[in-house]
Every structure is written in structure tokens, then in C-alpha cells.
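These protein sequence lines map, in sequence, to chains A and B. Read in this note's numbering, the first sequence has 146 at position 146, and its numbers run on one by one without any break. Read in this note's numbering, the second sequence has 242 at position 242, and its numbers run on one by one without any break.
Keep in mind the hints are simulated off the structure, nothing from the lab. Hints are not guaranteed to be accurate.
[To be verified] Derived SDA-like pairs (lysine to any residue); straight-line CA-CA distance at most 20 Å: (1) A:Lys434 - B:Lys349; (2) A:Lys393 - B:Gly303; (3) A:Lys430 - B:Ser142; (4) A:Lys38 - B:Thr252; (5) B:Lys349 - A:Lys430; (6) A:Lys393 - B:Asp187; (7) A:Lys393 - B:Tyr135; (8) A:Lys393 - B:Pro138; (9) A:Lys92 - A:Arg115; (10) A:Lys434 - B:Lys388; (11) A:Lys38 - B:Ile230; (12) B:Lys238 - A:Asp417; (13) A:Lys38 - B:Lys388; (14) A:Lys311 - B:Asp143; (15) A:Lys311 - B:Lys388; (16) A:Lys311 - B:Gly303; (17) A:Lys191 - A:Asn177; (18) A:Lys191 - B:Thr252; (19) A:Lys208 - B:Gly321; (20) A:Lys248 - A:Asn195; (21) A:Lys308 - B:Ile272; (22) B:Lys201 - A:Tyr206; (23) A:Lys38 - B:Gly303; (24) A:Lys38 - B:Lys349; (25) B:Lys388 - A:Tyr206; (26) B:Lys349 - A:Leu33; (27) B:Lys388 - A:Asp31; (28) A:Lys397 - B:Ile139; (29) A:Lys38 - B:Asp143; (30) A:Lys434 - B:Ile139.
[What the hints assert, rightly or not] Some chain B residues close to chain A (C-beta under 8 Å, calculated; not the full set): (31) Pro27; (32) Ile132; (33) Asn198; (34) Ile230; (35) Gln233; (36) Thr237; (37) Thr255.
Keep in mind it's a predicted model, so treat the numbers as computed, not measured. A virtual CB, placed ideally from N, CA and C, is assigned to each residue, including glycine.
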Amino acid sequence: MKKFFILGVVGLLLASCDTDLETGEFVVGSDYLGVNNKVILVDTLTLEVSTINFDSLVTSSQSRLLVGNYDDPVFGKVKSDTYFELGASDYKLYNNTSDTDLPNYVFDSIALILRYDRYYYGDTTNVQTLSVHRLLNNITPDIDDKNFYNNNSVPYTSESLGTILYKPRPIAQDSINITLNTVFGNELFKKIKNNEFTNYTEFSDYLKGLSLTTDGGNTSNVIGFSTSSVMRLYYSKSQNPDEVSLKKDFSILDLTRQFNNITLDRNGTLIQNLPASNSKLPSSLTNNTAFIQSGTGIACRIDFPYIKKLKNLAGNGVIVDAQLLIRPVRNTYSETYPLKDSLIAYVSDHLNRISGTLNNSAGTPLYAILDKSNDEFNEDTGYNIGIGTFLQKEMMKESAAAASLIFAFPNISKAVDRIVIGDQKNADNKIRLKVYYISY
Amino acid sequence: MKNKIWLLLIVVLQTSAVFSQSISSSPYSIYGLGTLYDSNFGPLSAIGSSGIAMPSESFINNRNPASLSFIKKNSFLFDIGGKGILSVYEDNSLRETKNNFQFSHIAFAFPLTETSGISLSLQPYSSANYQIVNYELPIQDSDESYFLNAFGTGGLNNFDASYGFKAGKKTSFGVTASFLFGNIEDDRYYGIGNSVTNINKNSDYRGFRFTLANQYAIDSTLTLGATIKIPSQIQATKTETVITENNYGSQTTETNVRSDVDPYYLPLEVGIGFKKSIGKGVNITFDYERAFWNTSNQSSLYGNYSNQDKFGLGFTLQKKGRINSYFDRIQYYAGVNYDTGFLEVDGEKVNNSAVSVGFGLPLDRTRSFINISYSYGQKGKITSDLIKENYHKLGINLSLEGIWFVKRKYD
Chain A
1 MKKFFILGVV
11 GLLLASCDTD
21 LETGEFVVGS
31 DYLGVNNKVI
41 LVDTLTLEVS
51 TINFDSLVTS
61 SQSRLLVGNY
71 DDPVFGKVKS
81 DTYFELGASD
91 YKLYNNTSDT
101 DLPNYVFDSI
111 ALILRYDRYY
121 YGDTTNVQTL
131 SVHRLLNNIT
141 PDIDDKNFYN
151 NNSVPYTSES
161 LGTILYKPRP
171 IAQDSINITL
181 NTVFGNELFK
191 KIKNNEFTNY
201 TEFSDYLKGL
211 SLTTDGGNTS
221 NVIGFSTSSV
231 MRLYYSKSQN
241 PDEVSLKKDF
251 SILDLTRQFN
261 NITLDRNGTL
271 IQNLPASNSK
281 LPSSLTNNTA
291 FIQSGTGIAC
301 RIDFPYIKKL
311 KNLAGNGVIV
321 DAQLLIRPVR
331 NTYSETYPLK
341 DSLIAYVSDH
351 LNRISGTLNN
361 SAGTPLYAIL
371 DKSNDEFNED
381 TGYNIGIGTF
391 LQKEMMKESA
401 AAASLIFAFP
411 NISKAVDRIV
421 IGDQKNADNK
431 IRLKVYYISY
Chain B
1 MKNKIWLLLI
11 VVLQTSAVFS
21 QSISSSPYSI
31 YGLGTLYDSN
41 FGPLSAIGSS
51 GIAMPSESFI
61 NNRNPASLSF
71 IKKNSFLFDI
81 GGKGILSVYE
91 DNSLRETKNN
101 FQFSHIAFAF
111 PLTETSGISL
121 SLQPYSSANY
131 QIVNYELPIQ
141 DSDESYFLNA
151 FGTGGLNNFD
161 ASYGFKAGKK
171 TSFGVTASFL
181 FGNIEDDRYY
191 GIGNSVTNIN
201 KNSDYRGFRF
211 TLANQYAIDS
221 TLTLGATIKI
231 PSQIQATKTE
241 TVITENNYGS
251 QTTETNVRSD
261 VDPYYLPLEV
271 GIGFKKSIGK
281 GVNITFDYER
291 AFWNTSNQSS
301 LYGNYSNQDK
311 FGLGFTLQKK
321 GRINSYFDRI
331 QYYAGVNYDT
341 GFLEVDGEKV
351 NNSAVSVGFG
361 LPLDRTRSFI
371 NISYSYGQKG
381 KITSDLIKEN
391 YHKLGINLSL
401 EGIWFVKRKY
411 D
């Protein structure tokens with residue numbers, strides 16, 4: 001009996017003893033650690049880089065009046081005109097307790113107040129001409145497609161309502177004023193004084209809309225104005241010069257009836273022969289470069305024709321990360337033509353049909369982010385994006401229908417930023433892909 | 001008797017709880033099935049594990065099943081033990097101390113006839129407990145590197161059923177069937193580029209192995225012994241999960257996918273030993289064993305293995321003649337052990353050498369003892385890729401003898 005009692009005590013002692021579970025920082029035989037799971041870096045995977053051309057981009061409802069033009073040394077002649085309709089909350093003059101003053105109201109002036117939305121591209125130190133035209137038709141959407149595109153336009157009067165020659169100061173100033181035709185203003189004033197408009201439809205039937213364009217010889221920049229810009233009618237209670245001026249604002253009430261017509265004249269450039277929108281122009285035909293431009297629909301497509309070969313690296317393996325570095329070609333960007341800070345990626349098929357943006361697992365788009373660090377010689381300047389999971393899916397795909405990535409700027413529909421990037425054979429600014437793979 | 005059986009059951013349950021905790025942590029245990037145990041019953045750990053030629057009279061000699069033929073009629077042997085190990089790990093720049101307590105074994109044995117006996121025992125076979133934190137490794141053919149975190153837990157257990165019988169006055173034979181089973185979880189995190197990949201492997205192992213053994217008494221002072229462990233395989237299956245975290249979020253490659261793994265080969269092992277009485281109660285025991293790992297076709301999955309030699313030498317002292325006091329009945333032990341190792345790490349074998357002393361305290365008038373042993377040993381050496389483990393090992397075990405099937409005269 002005593003023996004078994006001792007046995008129990010010893011057993012309990014053993015059970016209660018404490019053990020240090022953790023071994024420290026020691027590693028023996030580091031070679032062995034890589035035996036079961038080999039980590040491989042592939043940086044020689046072929047990338048087919050090409051330029052594509054979307055035939056149309058939706059530019060209505062973008063909340064920007066984009067207007068101006070400039071001659072791009074690489075892309076050609078860039079031009080943007082903007083079209084919009086105006087309206088007001090009511091179509092009456094100043095309304096205080098008594099209307100007895102009304103008959104004495106007199107017209108002072110009319111102006112278009114364009115508020116900068118801080119977007120600009122090109123040389124803002126040069127003067128630019130803007131002119132305002134009256135639309136001949138309303139901006140009426142189709143029944144089946146309510147959008148307006150970068151290649152749409154609406155006819156307008158050849159005679160302008162007002163013109164300004166100005167040096168844009170989109171950051172330092174808030175707005176510019178374009179004084180409009182007095183005859184036009186006076187007529188509008190009288191119609192309102194006579195209560196000829198009771199609603200938007202009646203008003204827009206009279207004033208079908210305005211367009212802003214640059215029809216002078218100046219070519220220097222493209223500027224973005226806010227859709228909070230207004231046409232302002234100034235009037236007074238009497239002709240007494242001391243009388244306080246009253247005003248009536250007409251603003252852009254319906255953003256779906258505002259769009260920008262953005263055009264590019266590529267004659268004489270490397271991309272003058274861009275193929276149809278379902279085709280591509282290989283970088284080998286354009287000096288080992290590819291092109292991206294917002295507003296005009298020019299984008300860069302990257303294909304991964306040999307991605308499935310990575311399956312042969314091991315029996316079982318997975319792409320855990322892939323870092324794509326897209327480098328802008330040196331001397332194609334400058335302070336006048338700066339680099340945007342990110343690129344967005346779309347997933348497409350071989351006919352450039354986009355299925356969506358390249359997203360993370362939460363459905364948020366992934367961006368290629370500009371890294372300017374260590375850029376003393378601009379050698380490392382480039383856009384970084386992780387496409388590991390995209391490539392893993394491509395590698396494992398059963399079907400032959402490979403997906404491509406199309407890169408554009410996030411502001412593709414409302415700006416004219418552009419970039420020239422190098423392909424894998426570009427002398428100085430090669431695109432680079434590092435694929436990290438582990439066997440398991 | 002009934003009470004005793006209940007008590008025994010409680011002890012077994014208690015120890016099996018300890019069993020699941022039996023872990024020894026060693027950086028070397030990342031290889032193969034982990035670090036192998038030497039389960040030594042009775043006084044064996046104090047005499048350099050040299051027991052191939054010893055009988056199972058007062059304790060269960062797990063070194064040689066042929067010894068079971070020596071169990072006295074009506075006796076019932078029970079053995080349970082544990083170890084406390086203080087290890088000092090050292091490499092070129094670091095030094096670290098770890099404590100470890102573990103269950104060592106539980107076993108019992110009884111005679112079948114006057115000339116044969118059997119034993120059953122349960123003991124750890126191996127332990128894979130390691131931790132690697134933020135270890136930087138180069139990516140081949142590039143100037144980049146990746147980071148590894150690895151955590152291993154688990155190990156294999158060994159259930160032995162042994163039988164020994166006398167084939168004559170001088171010769172005994174024995175056989176052991178060992179069932180090896182267990183589970184090792186290997187949880188690794190690879191920091192590669194801007195991603196972290198978790199590869200979790202949970203491997204199940206099971207296999208059988210047979211040992212054939214012999215003991216031969218040349219005369220009353222000299223016994224020889226031999227054992228042959230038959231080569232066998234431990235079958236392995238794993239369930240694996242691979243999940244990557246990168247800028248996409250969580251990318252699951254596989255979840256609990258079951259597959260077969262290359263089996264682990266156990267090589268042919270042969271051992272010989274002798275026990276010689278040189279008078280005045282002094283016994284000398286010596287064992288030599290060789291394991292033929294070279295021919296075992298081991299998969300590189302488990303590491304590089306090569307032939308192993310093990311030597312054990314032990315001395316036992318017990319006063320002969322008139323026993324006057326309790327102290328006269330104490331047994332004293334000393335031994336040395338050298339093991340070339342079978343694991344090669346970057347071309348270097350991981351060897352092990354130890355010296356040990358101990359004593360056996362008798363419990364009552366049967367041949368029951370509390371055995372206490374102390375060993376000091378060294379494993380590996382300090383090179384660029386190896387570390388040295390110095391360890392102090394304190395072992396305690398109870399070798400109990402009960403008398404079965406006899407109606408007591410006095411109670």
C-alpha cells in the first residue's frame with residue numbers, strides 16, 4: 001500500500017513540474033530549413049506591354065468643367081471643351097416684403113464666374129483664351145444611354161457670349177470672371193422681370209446651355225473648374241449709382257447634363273496609328289514604350305503570356321507576392337507634365353473588355369503607387385503594385401482565357417494627365433516584375 | 001488487491017495526463033521525427049544505458065526482452081519514471097538555459113511461466129519542439145532574403161509489448177513489438193517580399209518495429225546479450241493548410257488538405273553487450289550498438305542521416321554478505337555513454353556524450369527501489385551551423401516489485 005502511495009506522490013510531482021516550452025533564438029542547419037519549402041524569386045517572366053485606345057469614356061457627371069488645350073511633345077494636340085446646362089432655384093428677381101420696387105429694377109451686367117477646382121495640366125505661366133458660347137440644342141441624353149462621352153459634342157453659336165485672355169492661377173486664386181454679352185444679359189433680365197419662366201424646362205428651352213472652349217491660337221494648358229461655377233446676373237433697384245447691386249445666380253443643377261469633350265490629335269506622333277479599341281499596339285512598335293493618357297482613352301495593357309509555366313517550378317507551389325514596378329520614361333515628364341501619384345489597374349480580356357478594377361479581398365481597388373524615394377537620378381522612380389494574388393489565380397486557371405491588366409490614371413474620365421512607360425527592353429526605364437513563389 | 005488496482009489505475013491516468021505534456025525542446029528537434037528519447041528503466045540511466053546483458057530480476061530491463069525470462073515466479077514488476085533536464089544551449093554568440101521536466105515511462109511485467117515473462121510499456125519515442133523567430137534566409141539566385149518563423153510541437157510515443165523465455169539453462173530469447181505513433185505539428189510563417197505565408201503541417205505517424213534478442217550465460221559471472229532491431233517504416237500522412245497574407249488580403253491556397261508523406265525509415269540496428277561480476281558486489285556492464293542509417297534511403301525531407309555507433313559502460317555496486325543496516329542495501333551506480341549520433345547537420349554529425357552516477361534506495365523487503373540518477377552530458381558542438389547543448393539530467397524512477405497470486409500468510 002505504501003508503495004502505491006509513493007507512486008501517486010511521484011506521479012503528482014511529475015504532473016506539477018513546470019517546463020520551459022520555448023527554445024530561444026537558436027537555429028541549427030539553416031540549409032535544412034529551405035528543404036521542405038523552397039522560396040523562389042522569378043524576375044525574368046515575360047511581360048507583353050502594349051498601348052490600347054478606349055474609343056469612348058463617360059465624361060458626364062464627373063463634377064468638373066475641363067477646358068483648355070496644349071500641344072503635348074509626345075502625345076500630340078490635346079483639347080478639352082466643356083458643355084453644361086444652367087438653372088436656378090426660382091426665376092424671379094429679388095423678393096422682399098413689397099413688390100412695389102419691381103418696376104424700377106434695372107440690369108447692370110452678366111458674368112460667368114468660374115471657380116477653380118485646383119486641377120491643371122500643362123504650362124500655367126502662359127496665357128490661355130477661353131470663350132463662352134450659347135448652345136443651339138439642349139444637352140439631352142438618349143433614352144437607352146444617359147451618359148455623355150469624351151467624343152460627344154453639342155452645336156453652339158459661332159459668335160461668343162464672352163471671351164477672356166488669362167493666365168490661370170488655379171492654386172493662388174479662387175475663380176475667374178468672364179463678362180458676358182450685355183445684350184444677352186439685358187434680354188435675360190427682362191424675361192425674368194416679366195416672369196416668363198416658371199420652371200427649369202421653360203428656362204432651359206430659352207437658354208439651352210453653354211459651352212466653354214479655347215478657340216484662340218494659344219495652346220498652353222488645361223484647367224479644371226468646379227461645377228459650383230455660376231452665371232451671375234447683376235441688377236439694381238434703380239439707376240442711382242449708389243444703389244446696392246443685386247444678383248441672380250444660375251448654376252449647374254443637373255450634373256448628368258454636364259460633360260467634357262476631350263480630343264487628341266495624334267498626327268505625327270508614335271501613337272498616330274493606334275488600332276481599334278479591341279486591339280493593341282505592342283510596345284516593340286513604339287520604341288519600347290507604352291502610353292497612358294486620361295480623358296482621351298489611351299491606356300497601357302500588360303499581358304503575362306507565360307505565367308502558367310511557373311506551375312512547373314514545384315509539385316505544389318503558390319505565388320505569395322508579385323511586385324510590379326512601372327517606370328516612367330525619363331525626359332517624358334517634367335514640372336509642366338508632372339507624374340500623378342498613382343495608377344489604377346483594370347482586369348480585362350484579350351479584347352480589352354474590362355471586368356472591373358483589380359481589387360483586394362475587401363473589394364477595394366488596388367493602386368500602383370508612385371515611389372520617388374532614392375530618385376537622385378530618377379532611376380527608381382516608378383509605380384509599385386502587388387499583383388501576387390492576381391498572378392496566382394492566372395497561374396492556376398484551368399481555361400486558356402488569360403486575363404490582362406490595363407493601367408490608367410484614377411482620373412481617367414476627368415483629366416488629361418499622361419505618362420510614357422518603358423517595357424522590358426527599354427534601355428533606361430524597364431518595367432520590372434518580381435514574382436515570389438514558395439513550394440509546399 | 002482491489003484497492004491496489006484502483007490506485008494503479010489512478011496513477012496510470014495521472015501519468016497519461018503527464019504523458020501528453022512530455023516535451024523536450026531542442027533546436028535539433030526540427031529534424032526528422034524530433035529528438036529521440038532514451039527511455040531507461042530501473043537503474044539503466046545511471047549506468048550509461050548498458051543493459052543488454054542484464055536480467056529483469058529487480059526491474060524491467062527494456063534494453064533486452066530476453067531478460068524477461070528471469071522474472072521470478074509470482075512477482076509483478078512495475079516501473080515509472082521521470083526526468084528533469086537543465087539544458088544550456090550555446091553557439092558563437094548566444095547562451096541560453098532551459099528547464100524541462102518530463103514523464104519518462106510507465107511499464108509493468110510479470111512472468112507467464114517459470115521460464116518466461118512479458119512486459120508492456122509506454123514511453124515517449126521522440127519530441128519535436130522548436131521555435132525559430134525571424135530567421136533571415138537567402139532566396140536562392142538572388143540578393144534578396146526572406147524571414148522564417150517556425151514552431152514545432154508534438155512527438156511520437158512508443159508502446160512496447162515484449163516477451164522473453166528461457167531456451168535452456170543458459171540461453172534466453174526475446175522479442176519486442178514496438179508500436180510507434182504520434183503527431184507533429186509544424187507551423188511556419190514565411191515573410192517573403194510584402195507577404196506572409198503560413199504553412200501549417202500536421203503530420204500523423206504510425207508504424208511497427210520488431211526487436212529480436214538473446215541472452216547467454218557463459219558462467220555465473222559472465223552474461224552476454226545481443227539485440228537486432230528489424231528495419232521498418234513509419235508511415236506518415238499530413239494535413240496541410242497554406243494561407244498567404246499580402247496586399248490582396250488573405251489568399252487561401254489550401255485548407256486541411258490530406259496527403260501522404262514519404263515514410264520515415266528505421267534502420268537495422270544491432271547491439272551486443274556483456275555483464276561481468278568481478279566480486280565484492282561489483283558488476284560491469286558494457287553495450288555496443290550500431291544503427292545502419294546509411295542504407296535506410298531516408299527522404300531528405302527528414303534530414304541527412306549516417307551510421308551511428310553507441311557505447312555504454314556501467315558499474316554497479318551492492319554490498320555482498322551480511323546486511324546490517326538499511327545503508328548496506330543501497331545500490332550504487334556509475335556509467336559513461338558515448339553516441340556518435342546519426343543526424344548530420346551541414347556535414348557535421350551531432351554526437352552526444354554523458355557521464356552518470358546514481359543510487360538505488362530499497363523500499364521494503366522486496367526488490368523495490370527508488371532509483372535516482374544524475375547525468376551530465378554534451379550534445380553537438382559549436383560551429384557556424386551547430387550549437388552545443390550541455391545538460392544536467394536528474395532522473396527518478398520507481399521500480400516496484402509486488403507479489404502476485406499468493407495468498408498472504410500474514411496481513
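We went through each hint and held it up to the structure:
no.: 1; hint: A:Lys434 - B:Lys349; verdict: 38 Å, violated
no.: 2; hint: A:Lys393 - B:Gly303; verdict: 33 Å, violated
no.: 3; hint: A:Lys430 - B:Ser142; verdict: 18 Å, holds
no.: 4; hint: A:Lys38 - B:Thr252; verdict: 18 Å, holds
no.: 5; hint: B:Lys349 - A:Lys430; verdict: 48 Å, violated
no.: 6; hint: A:Lys393 - B:Asp187; verdict: 25 Å, violated
no.: 7; hint: A:Lys393 - B:Tyr135; verdict: 29 Å, violated
no.: 8; hint: A:Lys393 - B:Pro138; verdict: 26 Å, violated
no.: 9; hint: A:Lys92 - A:Arg115; verdict: 25 Å, violated
no.: 10; hint: A:Lys434 - B:Lys388; verdict: 39 Å, violated
no.: 11; hint: A:Lys38 - B:Ile230; verdict: 34 Å, violated
no.: 12; hint: B:Lys238 - A:Asp417; verdict: 54 Å, violated
no.: 13; hint: A:Lys38 - B:Lys388; verdict: 28 Å, violated
no.: 14; hint: A:Lys311 - B:Asp143; verdict: 23 Å, violated
no.: 15; hint: A:Lys311 - B:Lys388; verdict: 41 Å, violated
no.: 16; hint: A:Lys311 - B:Gly303; verdict: 26 Å, violated
no.: 17; hint: A:Lys191 - A:Asn177; verdict: 23 Å, violated
no.: 18; hint: A:Lys191 - B:Thr252; verdict: 68 Å, violated
no.: 19; hint: A:Lys208 - B:Gly321; verdict: 129 Å, violated
no.: 20; hint: A:Lys248 - A:Asn195; verdict: 14 Å, holds
no.: 21; hint: A:Lys308 - B:Ile272; verdict: 58 Å, violated
no.: 22; hint: B:Lys201 - A:Tyr206; verdict: 76 Å, violated
no.: 23; hint: A:Lys38 - B:Gly303; verdict: 15 Å, holds
no.: 24; hint: A:Lys38 - B:Lys349; verdict: 24 Å, violated
no.: 25; hint: B:Lys388 - A:Tyr206; verdict: 95 Å, violated
no.: 26; hint: B:Lys349 - A:Leu33; verdict: 17 Å, holds
no.: 27; hint: B:Lys388 - A:Asp31; verdict: 18 Å, holds
no.: 28; hint: A:Lys397 - B:Ile139; verdict: 27 Å, violated
no.: 29; hint: A:Lys38 - B:Asp143; verdict: 16 Å, holds
no.: 30; hint: A:Lys434 - B:Ile139; verdict: 12 Å, holds
no.: 31; hint: Pro27; verdict: 4 Å, holds
no.: 32; hint: Ile132; verdict: 5 Å, holds
no.: 33; hint: Asn198; verdict: 10 Å, violated
no.: 34; hint: Ile230; verdict: 28 Å, violated
no.: 35; hint: Gln233; verdict: 19 Å, violated
no.: 36; hint: Thr237; verdict: 15 Å, violated
no.: 37; hint: Thr255; verdict: 13 Å, violated
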